[in-house]
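Chain A is fixed; fit chains B and C onto it per the hints.
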Amino acid sequence: MTDALLQVSDLTITVPAGEYGADRRPVVSGVNLQIGAGEALGLVGESGSGKSMTARAVMRLFAPGVQATGTVVFDGCEVFAMEDDQLRLLRAHRIAMIFQDPRAHINPVRTVGAFLIEGLCASGVSTRDAERRVTSLLAEVGISDGSRRMAQLPHELSGGLLQRVMIASAVAMDPDLLLADEPTTALDVTTQSEVMAILAQLRTERGLALLFITHDLELAAATCDSTAVMYAGSIVERQSSRQLLTHPYHPYSSGLMVSRPDLDVVRQRLPVIEGQPIAAFEAGEGCAFAPRCGYSQPACLATTPALVAVQGGEVACHRASELQGQLPTAMEGGGDV
Amino acid sequence: MSEPLLKVDDLRKVFPGRRGHDDVVAVDGVSFELAPGESLAIVGESGSGKTTIARMLVGLERPTSGSIAMGGAILDVSSRRAKDRRARARRLQMVFQDPYSSLDRLQTVEQILSDALSLAPDAVRESRAEQVRILLTSVGLHERHSRMRPGGLSGGQRQRVAIARALAVKPDVVVLDEAVAALDVSIQAQVLNLLKEIRETTGTAYLFISHDLAVVNQVSDRCVVMRQGRVVEQGTTAEVLHHPQDSYTQQLRDAVPRPGWSPTRSAEAPR
Amino acid sequence: MSGVATSMDHSPSERSPRRAPWWRRVGIAPLCAIVILAVMILAAVFAPLVAPYNPNTPDLLAALQGPSAAHPLGTDALGRDTLSRLIYGGRTTLLGPIVVILLSTVLGLLLGVAAAWRGGSIDTVISRIVDVLFSIPGIVFALVTVAILGAGLGSVVIGLTIAYTPYAARVIRGGALRERRMPYISAAWIQGRSGSTIARRHLVPNIRPLILAQAVAALGFAVIDLASMSFLGLGVQPPTPDWGLMVKSGLDSAVRGQPTEVIVASVAIALFVGAVTVLGDRLSTGVNK
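So the protein lines, in turn, are chains A, B and C. First residue of the first sequence? That's 1 in our numbering, and the numbers climb one at a time after it. First residue of the second sequence? That's 338 in our numbering, and the numbers climb one at a time after it. First residue of the third sequence? That's 609 in our numbering, and the numbers climb one at a time after it.
Warning: the hint list may mix true and false statements.
Stated by the list, open to error - Below, simulated DMTMM-like cross-link-like pairs (lysine to aspartate or glutamate); rule was C-alpha separation at most 25 Å, straight line:
hint	chain 1	residue 1	chain 2	residue 2
1	B	K507	B	D421
2	B	K533	A	D216
3	B	K533	B	E370
4	B	K533	A	D129
5	B	K533	A	D264
6	B	K507	B	E537
7	B	K420	B	E382
8	B	K507	B	E398
9	B	K533	A	E140
Bear in mind the hints are in silico, worked out from the structure with no lab data behind them.
Chain A on its own, in the form it takes in the complex:
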């Protein structure tokens, strides 16, 4: 575990309050995670869970006013302590990120080709070589008429195509870790399948590690080696994906799976997690999920549960040993969680 490619310890991120008199608000509290070389970790959460902020922290991508404490160690180097030029190298060569809306992250008045070769040329590769490498990259992501596409402007490409272009640009510099923030949320389900398959292929070919942010637990579990579930700024469970799908330890993970409609079975009423997801600063005393939890007891509201190891993973739940991972995973009647 100590030689993990990425090690995040006790990450806490706060944002300006905007509230008169209040100091700052936490949006991520005390997150620990690690990713080994070539491994994929899915980070699942709803609104306010802090999953996006966590991913951005890995590259120290913070909006003005956002502060973070804790440590992020990438390949032995402490990211939060890096000088500017070290950080630039990190972002250019070691870690890459793709986002939900590719159109917001590409210059609309420059050609796709210009965008793709920019990074390579900046690191000294000749234009001709860069173009050649990019064309073969585009073929890897399923765009066979690369030279035609490279001459086009971003608005001429569909969302799915543009996301492939983003992936190509992300792996062009051969990074060790790819951060993907909801890359398929805005795509059709068939395109999503394609894009995830491309990512899987690139990963095995290049030994690329992946941190995959999504709200879709089934998607994360199907495509990543392990999956972590976040709620109100903290990780509440992390397990190997296969384990999570069959034996979730946390009532929230179970609730997410159970309340999702099924492709084959129609239920009279979907089991529901009452209430709404909250952000870290809205959490009260004790377990943040307790007010919504069907298994909560008075003790749950007293102290915040810590992440403890269970078979194959970790969970932050006072009743984990009691419930022993026997929580429902799918369509068992129409009761509430």
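Frame of chain A, contents of chains B and C only:
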């Protein structure tokens, strides 16, 4: 044989192309029927034309050709006159995808629902305020929400207000255009349950536009699968989803993440 | 509709936090600007109560004096108290442009919303008219109306109103086009509300911040234009006190060795325009957020 509640016949919509581009045929000869109290889903991906159909039904787009009939009588969906639109609104309502921009952020929930209620011509015993309260509780909200503005409500709550607004006039059909797509997973389940409950109580028919097959399975009796403006397959939801006739429908099914699934690449070149 | 839904959501989701009062939120510079503007406008409105002297009473014995206890800002060539003329001058210098902005904003609103809402040929016609009006400098309009109607505050106000309408129309049209595409407008349309009702009840209130920002920003320009016209002798006529006129007569006094009047009038204009610009800028940032 009684008349279907809603009958769409050979509907077409062509958007004129911009300079140098061809015309876009968004909807290419689509026909389907909706029985009273039924829930029909229109499933498709982007570019399938499903949203354009929804917009044509409620009068936001004018069909290029084809007809829409309710209860046997052809609807003049092209008329822009307020009187005609009001007449249509009493029978056909819509819930939009984005809960954040489908409510006027400057109005209180009370004002939003009052406006909707003023459309209904029936003389009622209750006062307007009482009608608003009844509407709110019927969508699972509390009376105190009536004084709030959309900004103070969560996404799920806003969508409930949007549903209440659609139901205010007791329409025959509510068109739901990806109405749960923008909601968190745990909230989606709440709203889907609500929609089912409302249909059971009031017998309102739903036209449920969605790209999400699992949601479609949960909420609809019958479903129409569309691709690039054409109907690929239609039938009961059970038939279409569990025994798809068309390879595209099968493709859609195969692409849904679930335990045991892994993503696959197709041989086709990407569009 | 029977009773209470079993799928309920009563959570208190008042997510908007308690915010600081507006006077803390705007920032130091806009706050100073508001204070300056308030002082100037109130002084102009309550001039008879505030000014120490009658602005038009000449006193040739006291002509061309510098600042003193009796006349804090000195006197002009006819011995009139500069401070009093400054206070009274605010009435034409400031209130004239306010009328220009009010009228041009209303006209611009009507044109802009009509163009954005109706679209098609109406939009094309209005946009082309606005484009033509844009190509003519504002001063030219004022000159033309002065030529037709004669010099005076009224003619200049009419001319400038025509000149400023296209700016408001264009900005408002842009904002209205954006709002019009929003689903809540579509929802109102579906409900069968008439176009004018939707524009009035939904569209315009939602672009109010934009309209306000544009109006405040334009006010600064209107003050300069009006003062310039008066300076040229085509706007406010003497003996009415007006900052533009004071700049002109002040130049004569300066040549004769007494620069106080021209300095004071120029600074007053600059201060007002600067304050209005800072405020307009702050309002626009609020709009763009």
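Against the structure, the hints:
This hinted pair checks out: B:K507 and B:D421 have alpha carbons roughly 17 Å apart, not beyond 25 Å. A C-alpha spacing of about 23 Å is found between B:K533 and A:D216, which places the hinted pair at or below 25 Å, so the restraint holds. About 20 Å separates the Cα atoms of B:K533 and B:E370, which keeps this hinted pair within 25 Å; it holds. Proposed proximity of B:K533 and A:D129 is contradicted: the alpha carbons are some 59 Å apart, above 25 Å.
Between B:K533 and A:D264 the CA atoms are separated by roughly 17 Å; this keeps the pair inside 25 Å, and the hint holds. For the proposed pair B:K507 and B:E537, the alpha carbon gap of about 14 Å is at most 25 Å, so the pair holds. Distance restraint check for B:K420 and B:E382: the Cα-Cα separation of roughly 35 Å exceeds the 25 Å cut-off, and the hinted pair is therefore not satisfied. For the hint pairing B:K507 with B:E398, the CA-to-CA distance comes to about 23 Å; that is within 25 Å, so the pair holds.
Distance check on the hinted pair: B:K533 and A:E140 sit about 45 Å apart at the alpha-carbon level, beyond 25 Å; violated.
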